[in-house]
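2 protein chains.
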Amino acid sequence: MFPLPQKESRAPATCLGSATTQDVVSSYQDGLGRESPGKPDQKLPGLYGVGDPVSKFSSDSSCLSSRGRVIKWFWDSAEEGYRTYHMDEYDEVKNPDGIINLGTSENKLCFDLLSRRLSQSDMLRVEPSLLQYPDWRGHPFLREEVAKFLSYYCKSPAPLKPENVVVLNGCASLFSALATVLCEAGEAFLIPTPYYGAITQHVYLYGNVRLAYVYLDSEVTGLDSCPFQLTVEKLELALQGATSEGAKVKGLILINPQNPLGNVYSPEELQGFLGFAERHKLHVIVDEVYMLSVFEESLGYHSVLGLERLPDPQRTHVMWATSKDFGMSGLRFGTLYTENQEVATAVASLCRYHGLSGLLQSQMAQLLRDRDWINQVYLPENHSRLKAAHTYVSEELQALGVPFLRGGAGFFLWVDLRKFLRQGTFEEELLLWRRLLESKVLLSFGKAFECKEPGWFRLIFSDKTHRLRLGMQRLRQVLESKSQETEDVPPPTTPRTPVSSADEVAFACDSGRRLLPPKSSLGAARGPVMMCRTETL
Amino acid sequence: MFPLPQKESRAPATCLGSATTQDVVSSYQDGLGRESPGKPDQKLPGLYGVGDPVSKFSSDSSCLSSRGRVIKWFWDSAEEGYRTYHMDEYDEVKNPDGIINLGTSENKLCFDLLSRRLSQSDMLRVEPSLLQYPDWRGHPFLREEVAKFLSYYCKSPAPLKPENVVVLNGCASLFSALATVLCEAGEAFLIPTPYYGAITQHVYLYGNVRLAYVYLDSEVTGLDSCPFQLTVEKLELALQGATSEGAKVKGLILINPQNPLGNVYSPEELQGFLGFAERHKLHVIVDEVYMLSVFEESLGYHSVLGLERLPDPQRTHVMWATSKDFGMSGLRFGTLYTENQEVATAVASLCRYHGLSGLLQSQMAQLLRDRDWINQVYLPENHSRLKAAHTYVSEELQALGVPFLRGGAGFFLWVDLRKFLRQGTFEEELLLWRRLLESKVLLSFGKAFECKEPGWFRLIFSDKTHRLRLGMQRLRQVLESKSQETEDVPPPTTPRTPVSSADEVAFACDSGRRLLPPKSSLGAARGPVMMCRTETL
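These protein sequences, in sequence, are chains A and B. Under full-length UniProt numbering, read the first sequence as residues 1 to 537, first letter to last. Under full-length UniProt numbering, read the second sequence as residues 1 to 537, first letter to last.
This is chain A alone, in the form it adopts within the complex:
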């Protein structure tokens, strides 16, 4: 999303991220965050993402408040890749040399199914009540449908209740609202990295809430059985670390299925993480927006709402949306499920700023109740297409000798391009990303997900074959030319973790976290240091 210049590229097991520039944010936080931690960056310099965009907009002529300038900076700096793509979007006929977008997490495989369903006559119900001010929690008929839907697909042990449902215009809004009502300004949520980077601004822009990272890494050591494995021990250490640095941690964010890793947590892991949160009286926000996009059944996905018992139901808040699972990120429909009525009411109070059209509420209710279409048409076809696309890209990557996590859920592969970096730095990572973009293929780089190891990229495969093929061709060209370059330069001096070696990474792992071995191995690459930013969606 918005990687910032790092004073050090190596990050510790825990680190509190400010997610924006020190200068601007400090003035923002002076106004907003008296309870923010006591300048931990002075104790641990270099552990923060800090840049200096303030020079761009700190002139007296600005009409914006200091926080307005920070908010605008996020827009200006956060979307370079996204914006570049939209200015030069690939089109088979009109712009065949345009950019192939393998960076934005959208499912483009099922527009035919969706268009057909959304064009049916039941989607054009116009009643006076839909045109009037709604219950800001959502129309009762929709909340009832959502409760039934989640009960069924999350396999809840008892029927979920409509009164625990709040609907709003997407999970971005839900993160914003939850951060604001659960935390004071300056407080923090714990989050394992790499994570869907947009959450940083979702909790920060309005709520001024920060993220305390639980850095995971690809190297399998100690009790780990998989790369990037989250354990209760790591959570405990990260919480201790963040707290000792002055952060007041109020909750934990879990993404399941995980974005960008493409794996899932087992019920035992979930219970462990929820138990950890209960012990520390932390809220848990569980983002399950990919729950119906698990196309590898062997992963055995379990929703947190399907657990027999929640350790702390009053502090467990689950979010889901149609953006990913129904490939409709432009429809802006998301939902909260929480047994905590105080939280539900406080979020509902903010829902007048996150409301969605009554007509859309009616459409979503029609869609969610159409179990025949979902179970017999949409989901089987969607999963089959996702699987085929996943297989194609996986095989291409293997042919390229590029390691990656196997995945099996979501729209992405977590790809290890570390050996194509001249050095293991985020500057080099950004350079490779820029090189790819110049070659007309957009990926998301690991820093956007706060990955601690430079060189990882998220690659979206949920796209039509002709676009995937072209995207992979362009990727191959860049990687081959990078390999060629490395023949002219000395080998990299930065240490490599075993995971980049084919033999060492060929191990099995639960939950889609197998790192697939490359069939060949390309060299590392050099290039000038350039800074750029992109966005994860």
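Please note: incorrect hints may appear among the correct ones.
Remember, identical chains collapse to one label, so a pair may be satisfied in a single copy or spanning two.
Distance condition first, Cα-Cα at most 25 Å in a straight line; then the derived DMTMM-like pairs of lysine to aspartate or glutamate [what the hints assert, rightly or not]: (1) LYS94 / GLU127; (2) LYS464 / ASP217; (3) LYS161 / GLU339; (4) LYS281 / ASP91; (5) LYS94 / GLU297; (6) LYS155 / GLU278.
If you are wondering where the hints come from, they were derived from the structure by calculation, not from laboratory data.
Given chain A, put chain B in place with the hints provided.
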């Protein structure tokens, strides 16, 4: 909306409102507003709206942050009337003894026209681009349509530009976003009272921005030619007063046509107010959500976008929505027009939390471009129905001997029920409101609009005849019984302004601000002091 207990019921010409409870808010503001004014309430005790709901939710068991508790408090306390209405909603067949809602500002006169238009086949366009992540400023095709629409209906001297348009899910969101990007936490906007009270929470809940009131009154003195007249002199005095109390005023909010007064500002007045803002480098937010609901042509409405020259275009931000003018408050479509690209971009950056469905964006573009339907079907019929309903209610009020502002724009009459209060206090006003609600007719009381004079009510007339008739019958019964009660009690001791006397109020005034004389006069009333809250919408 959420009137709070007043230490004094008399208010000065200027006063900074905190809009919520002192205890909770001070803890909120400790975290959020280091730049907030230096405790002006210590200098002018009793000039603030302060209550003590903190006791309700300050227990340790709360899972919410302090600001979360404030946000929830707004929900819990702000919607008594609205909620009571929804639990006992009038229905001609199913619940003929239910509550008639003359409190919520919705136009219920044109659902037939709207349903017909929104059910046409052009409303069911489903294209992949509409299902994907949008440009957060709004789809370009919609922004283009909005620019054309506003150019035409605001009679702009030159075509308005799509790049100055940002669309989002309603003006509540727009107030929230503008407050956040224009002001630091704790800063203030100047606003003439009475005003659409929901703005208080729109600028406060996320933005922590406050309102500095320019209190207008019904008495016509000095240079005034109308009751509740806004003048540049009053703006100057209010700004000086608020500033001297420590408030940092960053802008001015104008509502035109005015809610709840139902009048409009002349081009000369607008130029004066904009010139005032320019002199003080204040932003001006102009809320024109009722611009097409001017059903008295003689009012001569002028949009600020139709002025030949804006004194400070970089600080002039105009909002419009379909909620009122197209009777679709449930559709959640609003738009900002500003020439200031920094402001547009900063608001757009927050639009990921205020986004609206791509399908709705397509529908709105279809609607706005259908000039034939708007000009030949919808607007003439809508204005004719509004006018008929306005005439009916006006005549009923005159027959009841109740003075009111004539209006001619919007859905409301600003009604003077001061003589039905035993004393000129807000407690008495609330008592009368509660008495009306118990008699199954919901109005909005003046404190919800920060009217400085207790006893004014906003009465919505944009409803079907059978509901209006029943509502007016119930109003008559309550007022008659209140008159009856006054025969048993001494006459009120609080001073009355001339405006409540039939003879004295029969004066003419531009812009719909004529106060119509009653045909009879009922007495004042007594009753126990009770506190309650309602919401304006």
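query: Is it within a copy, between copies, both, or neither that the alpha carbon of LYS464 lies no farther than 25 Å from that of ASP217?
result: neither (32 Å within a copy, 65 Å between copies)
message: Regarding LYS161 and GLU339, is the shortest C-alpha distance of 25 Å or less found within a copy, between copies, in both, or in neither?
response: within (9 Å within a copy, 47 Å between copies)
- prompt: Is it within a copy, between copies, both, or neither that the alpha carbon of LYS155 lies no farther than 25 Å from that of GLU278?
  reply: within (23 Å within a copy, 60 Å between copies)
- request: First find the shortest C-alpha distance between LYS281 and ASP91 inside one copy, then the shortest across copies, and answer within, between, both or neither for a cut-off of 25 Å.
  value: The answer is neither: 51 Å in one copy and 47 Å across copies each exceed 25 Å.
Alpha-carbon proximity context of LYS94 and GLU127, limit 25 Å: between (41 Å within a copy, 18 Å between copies)
message: Checking an output row: LYS94 and GLU297, CA cutoff 25 Å. Within, between, both or neither?
response: neither (39 Å within a copy, 50 Å between copies)
Of the numbered hints listed earlier, those contradicted by the structure are 2, 4, 5.
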